[in-house]
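Top line first, the protein sequences correspond to chains A and B. Numbering that gives the first Met the number 0 puts the first residue of the first sequence at 0, with every later residue one more than the last. Numbering that gives the first Met the number 0 puts the first residue of the second sequence at 0, with every later residue one more than the last.
Don't take every hint at face value.
[Unchecked claim] To be clear about the criterion: a stretch of chain A counts as covered by chain B if any three or more of its residues have a C-beta under 8 Å from a C-beta of chain B, and this derived list gives those stretches:
hint : region
1    : 53-65
2    : 101-114
3    : 162-176
4    : 203-214
5    : 230-240
[What the hints assert, rightly or not] BS3-like mimics (lysine-lysine), calculated; alpha carbons at most 25 Å apart, straight line:
hint : chain 1 : residue 1 : chain 2 : residue 2
6    : B       : K158      : B       : K226
7    : B       : K226      : A       : K105
8    : B       : K299      : B       : K219
9    : A       : K219      : B       : K55
10   : B       : K197      : B       : K158
11   : B       : K219      : B       : K197
12   : A       : K132      : A       : K219
13   : B       : K299      : B       : K197
14   : B       : K55       : A       : K132
Hint data in this document are derived by calculation from the structure and do not stem from the laboratory. For every residue, glycine included, the Cβ atom is placed at its ideal position computed from N, Cα and C.
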Amino acid sequence: MADRSGNFDVRHQGGFTLIAAFTFFALYLPIAVLVVFAFNGGDSISDWQGLSLHWFYEAARDDRVIDAAIRSFVLAVSAGGIATLTATLAAIATTRTAPYRGLSAKYAFINLPLMVPEIVTGVALLIFFSRVKMWTGYSGLGYLIAAHAAFCIPFAYLPIRARLESMDDSLERAAADLYATPFRAFRYVTLPLLWPGVLAGFMLAFVISLDDVVITEFVKSGGQDTLPTYMLGQIRRGTTPAMNAISTIFLLFSVLAVTIMFLVDGKRAKAQ
Amino acid sequence: MSAAPDLITLNHRRDIRNRWLLSLPALLIILLAATGPLLIVLIYSFLTPGDYGDVKWLFSTDAWVNVLFQRDIFDDTLSLADAHISIFLRSINLSVMTTIATVVFGFPTAWFIATRPARTRELWLFLITIPFWTNILIRTFAMLEVIRNEGLVNMLLIKAGIINAPIQMLFTDGAVLAGMVYVYLPMMVLPVYASLEKLDFRLVEAAYDLYATPFRVLTKVILPIVKPGVVAGSILVFIPSLGAYVSPSILGGGKNLMIGNLIGLQFGQGRNWPLGSALSISLMIVVMIALLAYVRYAGKGANAHG
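So here's chain B without its partners, still in its complex pose (with noise of 0.2 Å):
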């Protein structure tokens, strides 16, 4: 062969090896700020827990044991762990209504905006988009302020003669449900409303003239076409919620905690490391269970529509 094929390649794998060089800042940033840690988490549920927090380098399952069981400090005896499995169940139920209640509040929304004239459309979306990018303590302590004992709320139902004294809202399953779907929903009403947009309204029309109920126009024409943006924006709220920490620790006060808070506990006050590393990898477990149905979901829509 001729030297010309040779230079392309070598132009090819210099090009190559330069797109490497270029990636890697970010990447190594990545691996050393974000990603990397994970493995030392990993590492550590399986220590034993040193004296004033941190480790001693002795191996141990302890901490994975104690993450389902308690050992019984006079017989020695195992049994459920209680308080660690309530918690894991609360914050999957309450991540599951926050999905639910973000679907029933934000599909309505993003329908809305989807059907404004174009001019108007871009300024509902900026609406929504402006708590998107507000910080979650701001958003998280306004919600505290209105759902206070001297809240607006309680206190508009006070003066309308509802109620007599008011009712207790704040530091409940309630109150961190309401300010986690306050919070999350911006996730939920940005990609249906980018589904909406592919939706062909003429579809919808065609299937009214052809006498379909509105339930099933609901659920045969539009639910199909919008449904990977519904799936996409569960997993946008879903994931988040799961470890929330913020919500939990203003609205539920000590006593509603949430995964997030039971980890934080552990590298505070508690000062068991492994068995905070322990419940961090669990809380991955359940999210990448979350993420792979996701990935499979999506894989096999893209195969459906060719």
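Okay, chain A solo, but in the shape it has when bound (with noise of 0.2 Å):
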């Protein structure tokens, strides 16, 4: 039973400290593995045979993937902007304020994308957008945009609203009373002090979007592959290691992106 020796510590598990140990190596070792194969010398994604930045070059050499990665980006840029815009307007309506009628309404409509299927989002657009798409005839980029910036308003929303919360509004106050006009006073008060949250907010709407795999394969018009959607169809396929290259370049993305999120919230904690 319980050691019950002078130093002992409830806190320390030995059993739980063993899972956690086998929970990171298994959360880690694949993704290791999946790097280490991206820069094997020959064709094969389980038999090493030196190293090689070969599978890069070839990833890089494929339009496809130089097509589908541009898509993805340009629709996570301006996906990613809408839902920040939008999501900086809503939290503003919606914080520092005695509740009003519809308030907890509003709320739980903006989180209302989190709660459904991603299938089930994704198939009810494909019904609508493709009732749209015969009325207008207009195919293009902008249901993929307009899908995506849905989806991103709830995860813009969060930091935006959280910063916006742990603001007192004395120094806007002060603007008032110094005779700012209210758009001076948004201008030159409140977004600096806000731009934080929004920087963060726009972060994790980038990373959602450019994410995405099910929504967009079920949106997306022909030739509208994004890198995602590309890589679901290739792996589906069978892959070569092509495909590792693409994914490792993908999570340095990812990683780089969280970090600069993880940055500018901590800066944040400190002013605190």
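Join the two chains, each given in its own frame, into one complex according to the hints.
Right under this line is the structure:
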């Protein structure tokens, strides 16, 4: 049973530590294997044949990969941008106020996309957009941008709202007392204070959009593959280490985005 | 009355109107490109399938009947649609097992993180967050590479002389389960960690000092405090597992379908949009039940604590 000697510490549970060690190991092992084999010289994704950047060249030479990567980036920037802008406005409208009618309904509605399984949203948009396509004849990237913006809004909203709620409004009131117009007070007082939240919101929305597979798979028109849907198609057909190389670059981007987010957040924590 | 209160009411009204205007763009985008089309799905589930996908505007309950029954093409009798029911049951079963497995691995991991000194705690948390923000597709692909017949696990087992021929792990329910646990684990660790942060470890020590067994300490002291985190984590894991599309289509191959794939198929090769719509609504209903149970639990918890 429990060790009752002098240095007994309930927080130290040997069994738990063991399971935690296994969890961390199991969490990173597959990713590590994936990255290592991206640098394999041979054709195999299991047989190591020397260090090489061969597959990165292969991936970079493939027009479909570059095309999909550019589309993913454009989509993530525009959908992330729209989501961040509208989520900022919504956050301003739903914080630092006495409860008013419809406020909690607004919260619920903004977070609703998180409750619906992706596959259901995907087929719902497939049905709806195929109608719209017939009516308007337009079949561009707009549908994907709208779909991505919609499911990115709750993610962008979260840090912006948190930031707003932690700010008190005395500085803005001071600005108003000094005859600043509401717009100038917002531009020169609120926005600079809110900025880290907006940035974190955009990074979140950007990463969420970049990662999406399911909704994109159902909404995209022909020839509108993003990097994840292109990869899904390739993985279903069997893969070469080129897929590992693409994944490695993709991973690098995600880690970079998350690190930036953590640093921005950390700075905020220190400032307070 | 004087004009002053009227001015205040007027300002107040204007403030609320502005607040609606400001939130309008976000609400509109969500309505048009996320939640509104769900109503169309509901309507489509009561229509007749078109010849090449899409629908004919004829009312029909066939799709709903087809969710549970299949019509015999020879004598027109109805029998239970084993395929659909078994896919629904498999999905629920796999999602429950995924949830349990994420608790088994996630709780000790969250405990480990919560008991680190403040300096290193951030780093451990960061290590959990990175996979969380890494593409699900890439993580599933990584899992595929490890458990393939020529993958690392089989290779090591063969090299160690434990087995002679590779074990077929890919394209089994076990592979789908492993993939989902792998992908959704951070969703369990983060909320459990958040609730463990609130645990006062002096309470645990006090229980030990009063000769409680470790099991009783766990059930009587730790669990009541951590339970909201575990329940929140379970919802965060269970709901996406139930609608999982990527894990079963990559790790389950063509045979081990889940509801998500079944729905997807109706809009692809199967081309029965009303059936796909009815299946989507059925999935939504199961998700709603899980969410309502959670809301009731959370509401009760809030009442119990004052």
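Quick rundown of the hints versus the structure:
Counting residues of the region 53-65 of chain A whose CB falls under 8 Å from any CB of chain B gives 0; the rule of at least 3 is not met. Look at the region 101-114 of chain A against chain B: 7 of its residues bring a Cβ nearer than 8 Å to a Cβ of that chain, three or more, so the hint holds. Coverage of the region 162-176 of chain A by chain B is violated. Counting CB-CB distances below 8 Å, 0 residues qualify, and the rule asks for three or more. Under the rule that three or more residues need a Cβ within less than 8 Å of chain B, the assignment of the region 203-214 of chain A holds, with 5 such residues.
Figure legend: the region 230-240 of chain A, annotated as covered by chain B; annotation consistent (5 residues with Cβ-Cβ distances under 8 Å, at least 3 required). The hinted pair formed by B/K158 and B/K226 fails the criterion: a straight-line CA distance of about 43 Å is larger than 25 Å. Restraint check: the Cα-Cα separation between B/K226 and A/K105 comes to about 28 Å, which exceeds 25 Å; the hinted pair is violated. A hinted pair counts as satisfied when its Cα atoms are at most 25 Å apart, and B/K299 with B/K219 qualifies at roughly 19 Å.
About 23 Å separates the Cα atoms of A/K219 and B/K55, which keeps this hinted pair within 25 Å; it holds. Distance check on the hinted pair: B/K197 and B/K158 sit about 47 Å apart at the alpha-carbon level, beyond 25 Å; violated. For the hint pairing B/K219 with B/K197, the CA-to-CA distance comes to about 16 Å; that is within 25 Å, so the pair holds. This hinted pair checks out: A/K132 and A/K219 have alpha carbons roughly 12 Å apart, not beyond 25 Å.
At roughly 19 Å between alpha-carbon atoms, B/K299 and B/K197 fall within 25 Å of each other, so this suggested pair holds. Between B/K55 and A/K132 the alpha-carbon distance is near 18 Å, which keeps this suggested pair within the 25 Å criterion.
The structure is inconsistent with the numbered hints 1, 3, 6, 7 and 10, although it conforms to all the rest.
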